[in-house]
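Chemist: Below, each chain spelled out in residue letters.
There are 2 protein chains.
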Amino acid sequence: MIAPLPTGSTIGILGGGQLGRMLAMAAARLGYHTHIYEPGDAPAAQVATAWTKADYGDGAALAAFAGAVDVITYEFENIPATTLDLLDVSQSIRPGRQALSVSQDRLTEKTFLESIGLTVAPYRDVPDAGALVAALVDLGTPAILKTRRLGYDGKGQVRIDDSASAGAAFDAMSGADAILEGVVPFSREVSVIVARGQDGETVCFDPGENVHSGGILRTTTVPAALSAAQRTDAALLAGRIANALDYVGVLGVELFVTDAGLVVNEIAPRVHNSGHWTQAGCAVDQFEQHIRAVVGLPLGDGRRIADVVMENLIGDDVDRLPDLLRAPDTQVHLYGKSEVRAGRKMGHANRIVR
Amino acid sequence: MIAPLPTGSTIGILGGGQLGRMLAMAAARLGYHTHIYEPGDAPAAQVATAWTKADYGDGAALAAFAGAVDVITYEFENIPATTLDLLDVSQSIRPGRQALSVSQDRLTEKTFLESIGLTVAPYRDVPDAGALVAALVDLGTPAILKTRRLGYDGKGQVRIDDSASAGAAFDAMSGADAILEGVVPFSREVSVIVARGQDGETVCFDPGENVHSGGILRTTTVPAALSAAQRTDAALLAGRIANALDYVGVLGVELFVTDAGLVVNEIAPRVHNSGHWTQAGCAVDQFEQHIRAVVGLPLGDGRRIADVVMENLIGDDVDRLPDLLRAPDTQVHLYGKSEVRAGRKMGHANRIVR
Numbered sequence: 001m002i003a004p005l006p007t008g009s010t011i012g013i014l015g016g017g018q019l020g021r022m023l024a025m026a027a028a029r030l031g032y033h034t035h036i037y038e039p040g041d042a043p044a045a046q047v048a049t050a051w052t053k054a055d056y057g058d059g060a061a062l063a064a065f066a067g068a069v070d071v072i073t074y075e076f077e078n079i080p081a082t083t084l085d086l087l088d089v090s091q092s093i094r095p096g097r098q099a100l101s102v103s104q105d106r107l108t109e110k111t112f113l114e115s116i117g118l119t120v121a122p123y124r125d126v127p128d129a130g131a132l133v134a135a136l137v138d139l140g141t142p143a144i145l146k147t148r149r150l151g152y153d154g155k156g157q158v159r160i161d162d163s164a165s166a167g168a169a170f171d172a173m174s175g176a177d178a179i180l181e182g183v184v185p186f187s188r189e190v191s192v193i194v195a196r197g198q199d200g201e202t203v204c205f206d207p208g209e210n211v212h213s214g215g216i217l218r219t220t221t222v223p224a225a226l227s228a229a230q231r232t233d234a235a236l237l238a239g240r241i242a243n244a245l246d247y248v249g250v251l252g253v254e255l256f257v258t259d260a261g262l263v264v265n266e267i268a269p270r271v272h273n274s275g276h277w278t279q280a281g282c283a284v285d286q287f288e289q290h291i292r293a294v295v296g297l298p299l300g301d302g303r304r305i306a307d308v309v310m311e312n313l314i315g316d317d318v319d320r321l322p323d324l325l326r327a328p329d330t331q332v333h334l335y336g337k338s339e340v341r342a343g344r345k346m347g348h349a350n351r352i353v354r
Numbered sequence: 001m002i003a004p005l006p007t008g009s010t011i012g013i014l015g016g017g018q019l020g021r022m023l024a025m026a027a028a029r030l031g032y033h034t035h036i037y038e039p040g041d042a043p044a045a046q047v048a049t050a051w052t053k054a055d056y057g058d059g060a061a062l063a064a065f066a067g068a069v070d071v072i073t074y075e076f077e078n079i080p081a082t083t084l085d086l087l088d089v090s091q092s093i094r095p096g097r098q099a100l101s102v103s104q105d106r107l108t109e110k111t112f113l114e115s116i117g118l119t120v121a122p123y124r125d126v127p128d129a130g131a132l133v134a135a136l137v138d139l140g141t142p143a144i145l146k147t148r149r150l151g152y153d154g155k156g157q158v159r160i161d162d163s164a165s166a167g168a169a170f171d172a173m174s175g176a177d178a179i180l181e182g183v184v185p186f187s188r189e190v191s192v193i194v195a196r197g198q199d200g201e202t203v204c205f206d207p208g209e210n211v212h213s214g215g216i217l218r219t220t221t222v223p224a225a226l227s228a229a230q231r232t233d234a235a236l237l238a239g240r241i242a243n244a245l246d247y248v249g250v251l252g253v254e255l256f257v258t259d260a261g262l263v264v265n266e267i268a269p270r271v272h273n274s275g276h277w278t279q280a281g282c283a284v285d286q287f288e289q290h291i292r293a294v295v296g297l298p299l300g301d302g303r304r305i306a307d308v309v310m311e312n313l314i315g316d317d318v319d320r321l322p323d324l325l326r327a328p329d330t331q332v333h334l335y336g337k338s339e340v341r342a343g344r345k346m347g348h349a350n351r352i353v354r
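Those sequence lines, one after another, are chains A and B. Take 1 as the starting number for the first sequence in full-length UniProt numbering and just add one per residue. Take 1 as the starting number for the second sequence in full-length UniProt numbering and just add one per residue.
Derived from the structure by calculation, the hints contain no laboratory data. This structure is a prediction, so every number in the text was calculated from the model and none was measured. Heads up, some of the hints might be wrong.
In this list, chains with the same sequence are indistinguishable; a pair is considered to hold if it fits within one copy or across any two.
Said to hold, decoys possible - List time: in silico SDA-like cross-link candidates among lysine to any residue, alpha-carbon distance up to 20 Å: (1) K337 with H35; (2) K345 with P6; (3) K337 with A50; (4) K53 with V71; (5) K155 with P142.
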């Protein structure tokens, strides 16, 4: 038996964006306080009990933060290892550091996924220009050159359509360690969100079908058009990853559906944009499952009770708000960001399909 | 056309309990900031952007609060008139003062409801002991003696089963103005939550069926066991009240279902405990409808999309949390109150029935 943190305890959250914001609201629903650590703008702080506005390298601020909270979680995976070192001495971090180190580096992540028997896109390590040439010979074109670290929403990657463009692609990495990935011919992109509790109990949300544009998620639709076998495969695969990492919390797994089976594109050790539909489609959503796991409460009922289409509101998509607010069966979630910028996620809408 | 308050504006909320807390979370979902005004403990402040902890008679604090917010709303109707006078000069209060003055006084409320053609329980004004004797002769026993002001959750009322207990009942009022109400023979208690926008648009949630115990709401079930005609009557009646008050926001109307039709028990110019089911049963819940109305946004889709049983968690009901957290199809909402007391509303659970 795990003794959960008592109601009224404080959950520290590294990162103050929309994911931290929705985590903070889920924590409040369960009677917990939240404390956001975020050096920049912090939409999450608007709904949190406290906010430390300090740099991720600020040892004194990190120590004070760790001292003020009862457990630490995070909304993004690119937390510097030095930050974790400073926090780790005094406070539990959930999900644990193995999940972070695996997911912070595309090469480590792929190696790990293969080591537990899963299929990933073909890849080659590209430490230098010569390795890129060899990798292109192996994998052919088109292929995608990606930085090993710090990529998200399509950033840090360049598509190589023919070998003539390889030099420019390599230069675009600005010397960062990279990998080359073969392009997988897939019929659909889906993701599966899995929650794992401190007692090892694992609960999967229904897979969602994703449409990306310009590297950014546009919509997630549930149910995804998958066979029963594919659905089961997706859940088993996500559970296998969570177990192998001795994971605590919610984990997002992006998958390609191919003729040869499910191929893991990438994993994210946190709540995931493709899981926002759970707010309208489940009794207990991904944010609450994450909080439950982190504080040691039992996981809730995440079965899908409605079909949902989640649409991200990106940049001036928010101009459509007057219509979305009136749309039937539609929930709008805005992130409290003051400035609208192209490509910036401003909110999302969950439309229940019935 | 109403120009809504821009995203990022601040909504001032008088009162910092669970209703203010859930209003603050709904405001956040729409990108608004909230500022709580509450002299005591303030669970709402945990999820608000700011908190003024000051007395309702503190003119300087009220002026600063009014200056810091873009509109004012409230989570309870017993706001002192002097507080409203101090705020009213500088800031819009929604719902407006007419709704407050009507609902703060049971005698005024009943007179108003009758004036717009609705049926209320038979009642008599009881300014003194002699009036009580006359009223008991008129209405018979059993009857209920209620203070005109400041009653809630069964407080401020005494049941009179026979004339011998009238003296003790009168003494229990401690000199407060009171009314005597006849007991209405009803088959069910239902309530209907109506939202009215600044443009006069009115949207009703489905009526819920309520079970009270010791004067406190225990459960609300939707759909209520009503005929189609009763359902329509309930919605029309609630709309009539909202229109007559030129109301802006969410209004709760408690009704008795009798052989002679629907009898209005009381109205509450705010989000209402019997509307908590909307969090699990509708795309847009009562808290968000209220915020939308208050800031001038269009009302959302409040149609019922699931059957729900809402159960209040009162006092040591929270000991059942481990089971409730694991219960199928169940959402738990806790209010962040540190101290468990008998009769205190600690949270609620929404169970989706399918």
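Chemist: Determine for every hint whether it applies to the structure shown.
Modeler: Each hint tested on the structure:
1. K337 with H35: Both: 19 Å inside a copy, 18 Å across copies.
2. K345 with P6: between (34 Å within a copy, 18 Å between copies)
3. K337 with A50: Both: 18 Å inside a copy, 17 Å across copies.
4. K53 with V71: within (18 Å within a copy, 28 Å between copies)
5. K155 with P142: Within one copy only: 18 Å inside, 74 Å across.
Comparing the model with each earlier hint shows no violations; every hint is respected.
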